[in-house]
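Enquirer: The primary structure of each chain is shown beneath.
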Amino acid sequence: DVKVTQSSRYLVKRTGEKVFLECVQDMDHENMFWYRQDPGLGLRLIYFSYDVKMKEKGDIPEGYSVSREKKERFSLILESASTNQTSMYLCASSFFGPAEKLFFGSGTQLSVL
Amino acid sequence: KNQVEQSPQSLIILEGKNCTLQCNYTVSPFSNLRWYKQDTGRGPVSLTIMTFSENTKSNGRYTATLDADTKQSSLHITASQLSDSASYICVVSRRSGYALNFGKGTSLLVTP
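In the order they appear, the protein sequences are chains A and B.
Each position in the first sequence, counted from 1, maps to that position plus 1034 in our numbering.
Each position in the second sequence, counted from 1, maps to that position plus 106 in our numbering.
Where hints are given, some of them may not hold.
Subject to a maximum C-alpha distance of 25 Å in a straight line, what follows is the list of computed PhoX-like cross-link-like pairs (lysine-lysine) [claimed, not checked]:
id	chain 1	residue 1	chain 2	residue 2
1	B	123	A	1135
2	A	1089	A	1135
3	A	1047	B	123
4	A	1135	A	1087
5	B	163	A	1091
6	A	1037	A	1087
7	A	1105	A	1135
8	B	123	B	163
9	A	1087	A	1105
10	B	210	B	163
11	A	1135	A	1047
12	B	163	A	1052
Only part of the chain B face toward chain A is listed, based on derived beta-carbon distances under 10 Å [unchecked claim]:
id	residue
13	142
14	197
15	201
16	208
17	210
18	211
19	217
FYI, nobody ran anything at the bench for these hints, they're computed from the structure.
Quick reminder that beta carbons are idealized off the backbone N, C-alpha and C, glycines included.
So here's chain B without its partners, still in its complex pose (with noise of 0.2 Å):
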């Protein structure tokens, strides 16, 4: 079965803190995995894509990491600000048709 799983459920961070936010899925044939950022009352908004031949990629203060042997991937958050509390969510897609397998996300509250 299709599955993304995403951990930790919640996470409370302090406003300057770094964290990581971890995505484990099953889904196969894999063709991309994406982070998305969804603040509340809001839309998810793409953060960042992973292909299966990119280990690493960042996006200003995010960082995705992606081991595709493992099936792992990773949202690294540097230096947080009170504007990363939102959910993030994890959506991983096949390589053929039009399903998408999303992750229950990963709830960060940054505080003061």
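Pulled out of the complex, with its shape left as it was, chain A reads as follows (with noise of 0.2 Å):
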């Protein structure tokens, strides 16, 4: 099976630090991407890659950076941390795009305090 693992699942972080939110897939997928999940409002999409070093702005990239050095690892940057990013972050892959089947992590739950 396809594993997709977060770094963390809980962080608590300052207003105005700089947080990285790592990723790595096992399967070899060409596309990975970073979505947060809020209450009411559904998964949103971030930022997605479909290939190594290439990166595409999602819905709601404001605040948020990402890198993609290595094919298997994928991380969200948030530059300077701020409340409104207190969140559930998710990350996932897919080895087509994302019309096939999104494997997804189990999700990091970030605090900003």
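Both chains are sitting in their own frames, so use the hints and assemble them into the complex.
Expert: This is the structure in structure tokens:
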């Protein structure tokens, strides 16, 4: 089975800190995605990557950046964390594209104080 | 605007009972529709995919239907179990691009 691993289940950070969320997949998938999930809003796409060193903005990229130096690893970076970035962050991967089945990690619950 | 609406927002049923979750969409051009199950504290897991030509598909006690004409899908759960308690998310993809359209989910609670 595909495994998508997110480095932390829970994170607590201070406003203004730089935050790194790491995601690793073990199935050689081309595409990787970062979503945030908030109550009442559902999942929203932050960034995605369809190849190493390639990235595309999603629906809500402001305040975030990403890095994909290796195929299996996709990092989400909060340059200067703010309280409105408190959320559940979900990483996902797929082989051909998002129309294919997405495999999600277990999520990182980030609290920014 | 490409939208996905799910109903009900939440649902409580007794163990052993059946239930049906609804998903209406306006996404066009349509590629496929997936139902995901998300257990509390976990990431979503795909239950089933419906393409344009498919009307019904079963995965164990889960049966999904699709009416492409009316742009409606349903997920029917038979003989519910406590482990069915989760959020069920409907996701519709378009025929082009990387955009996925997510519903906000239906939260199902199965009680003893």
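Enquirer: With reference to the structure, classify each hint as holding or not holding.
Expert: Verification of the hints:
1. 123(B) / 1135(A): violated, 29 Å
2. 1089(A) / 1135(A): holds, 20 Å
3. 1047(A) / 123(B): With Cα atoms ~43 Å apart, residue 1047(A) and residue 123(B) exceed 25 Å; violated.
4. 1135(A) / 1087(A): Roughly 23 Å separates the two Cα atoms, so the pair holds.
5. 163(B) / 1091(A): violated, 34 Å
6. 1037(A) / 1087(A): holds, 21 Å
7. 1105(A) / 1135(A): Holds, at about 18 Å.
8. 123(B) / 163(B): holds, 20 Å
9. 1087(A) / 1105(A): holds, 9 Å
10. 210(B) / 163(B): holds, 22 Å
11. 1135(A) / 1047(A): The given pair, whose Cα atoms are some 32 Å apart, is violated under the 25 Å limit.
12. 163(B) / 1052(A): Given that 25 Å is the threshold and the Cα spacing comes to 46 Å, the pair is violated.
13. 142: Since the shortest Cβ distance to chain A is 8 Å, the answer is holds.
14. 197: OK, holds: residue 197(B) within 10 Å of chain A, min 8 Å.
15. 201: OK, holds: residue 201(B) within 10 Å of chain A, min 8 Å.
16. 208: Constraint on residue 208(B) satisfied, holds at 5 Å.
17. 210: Holds - the Cβ of residue 210(B) comes within 10 Å of chain A, reaching about 4 Å at its closest.
18. 211: holds, 6 Å
19. 217: violated, 22 Å
Hint check: violations occur at hints 1, 3, 5, 11, 12 and 19; the rest are consistent with the structure.
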